[in-house]
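Participant: Full structure from sequences and hints, please.
2 protein chains.
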Amino acid sequence: MDERLRRFLGFRLKRVFNLIRADLLEQLVPLGLHITTFSTLVVIVDHPGLRQSALADTLDIKSSNMVAIIDDLEQRGWIERQRVPEDRRAFALYVTESGQRLCEKAVALASEHESKLLTCLSDKELESLMHMLEKIETTAEYNDAEQ
Amino acid sequence: MDERLRRFLGFRLKRVFNLIRADLLEQLVPLGLHITTFSTLVVIVDHPGLRQSALADTLDIKSSNMVAIIDDLEQRGWIERQRVPEDRRAFALYVTESGQRLCEKAVALASEHESKLLTCLSDKELESLMHMLEKIETTAEYNDAEQ
DNA sequence: TATTGTTATACTCTATAACTATA
DNA sequence: TATAGTTATAGAGTATAACAATA
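Protein chains in written order, with my numbering: chain X, 59 to 205; chain C, 59 to 205.
Any given hint could be a false lead.
Pairs count within a copy or across copies, as identical chains cannot be separated in the list.
In silico DSSO-like cross-links for lysine-lysine, where the CA-CA straight-line distance does not exceed 27 Å [claimed, not checked]:
#1 K163 x K174
#2 K120 x K182
#3 K174 x K72
#4 K72 x K182
#5 K120 x K174
#6 K193 x K120
Read the hints as simulated data drawn from the structure, not as lab findings. Note that this is a predicted model, so its numbers are computed, not measured.
Facilitator: Below, the structure is given as structure tokens:
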């Protein structure tokens with residue numbers, strides 16, 4: 059890569075992100091999942107009854123873009139929308155049995171594959187990498203909220 | 059973010075990448091640049107006479123997608139395509155004077171803005187972060203080449 | 001035959017505005 | 001009036017296949 063461009067974190071991130079994304083996608087597509095449907099499924103499994111708006115916030119996806127993702131998962135029979143009695147505008151999301159099974163399979167595949175990609179880093183390094191990324195994210199969010 | 063999703067580097071990366079990307083784009087758009095045209099311009103400035111195919115490799119962009127990016131920069135008068143006499147299939151790329159000026163302005167803006175986003179990290183941390191990302195990238199490329 | 005640049009095309013992800021039904 | 005979900009739409013980025021000109 060170009061010497062000057064390489065000094066920008068953004069461009070390093072882009073390359074590594076694209077690498078991991080392409081790699082992960084290769085694992086997910088045969089299961090009928092994409093990046094967005096995969097991450098959505100995991101969150102619904104881990105937080106049964108979550109509403110679409112909260113889900114969109116969690117995943118940092120616009121609620122308008124959330125709709126098609128949830129439609130996809132629902133049409134394939136992996137999750138269900140259920141009306142919330144206390145607020146009839148909202149939908150609570152629940153995983154089905156087959157969705158649960160698929161999720162565990164996909165998570166296993168994904169983490170196995172990601173760890174293969176990360177064998178070049180020690181556990182300590184990986185932890186430090188994760189922590190730094192989290193720090194960037196939270197301070198950026200804080201700065202955004204300040205404005 | 060979801061506890062289980064957060065353990066995947068891919069999803070941490072995605073969030074930080076999107077943050078930085080949106081931030082950078084806000085700086086570039088008023089100058090008439092996007093992420094792709096910006097990075098392309100920088101590489102051409104730093105490597106005058108580079109051919110399109112080499113540029114595409116450097117930027118990890120498909121050569122078919124490179125065409126529109128170069129068209130854009132050329133139409134705005136910031137770079138020029140010049141036929142290579144030794145290989146009449148190829149174009150060598152050169153920056154114009156105004157392209158050079160724009161490039162320096164954009165780089166200054168971008169690095170200033172990125173460093174604002176990274177104040178939460180020490181120089182040593184940032185260096186380590188860059189180094190780890192580079193390590194992931196190079197080992198992944200090596201593994202790809204192996205297959 | 002292989003490569004450089006190109007066109008056409010499709011799909012994923014992201015972003016915004018406007019709508020509906022409820023609150 | 002505000003919010004939850006939805007529709008429509010546009011743009012950025014990425015990916016593949018096929019082509020013309022040249023090697």
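Participant: Each hint should be assessed against the structure and marked as holding or not.
Facilitator: Okay, the hints, checked on the actual structure:
1. Taking the shortest Cα distances, K163 and K174 sit within 27 Å of each other inside one copy (17 Å), while across copies they are farther apart (40 Å).
2. Within a single copy, K120 and K182 get their C-alpha atoms no closer than 34 Å, and across copies no closer than 35 Å, so neither meets the 27 Å cut-off.
3. For the homomeric pair K174 and K72, the shortest alpha-carbon distances inside one copy (19 Å) and between copies (19 Å) are both at most 27 Å.
4. Proximity of K72 to K182 under the C-alpha cut-off of 27 Å is found in both arrangements, the shortest distances being 23 Å within a copy and 21 Å between copies.
5. When the C-alpha separation of K120 and K174 is checked against a cutoff of 27 Å, the pair qualifies only between copies, where the shortest distance is 26 Å, while the shortest distance within a copy is 31 Å.
6. In this homomeric assembly, K193 and K120 come within 27 Å of each other (Cα to Cα) only inside a single copy, at 23 Å, whereas the closest approach across copies is 33 Å.
Going through the hint list in order, the structure does not satisfy hint 2, though it satisfies all others.
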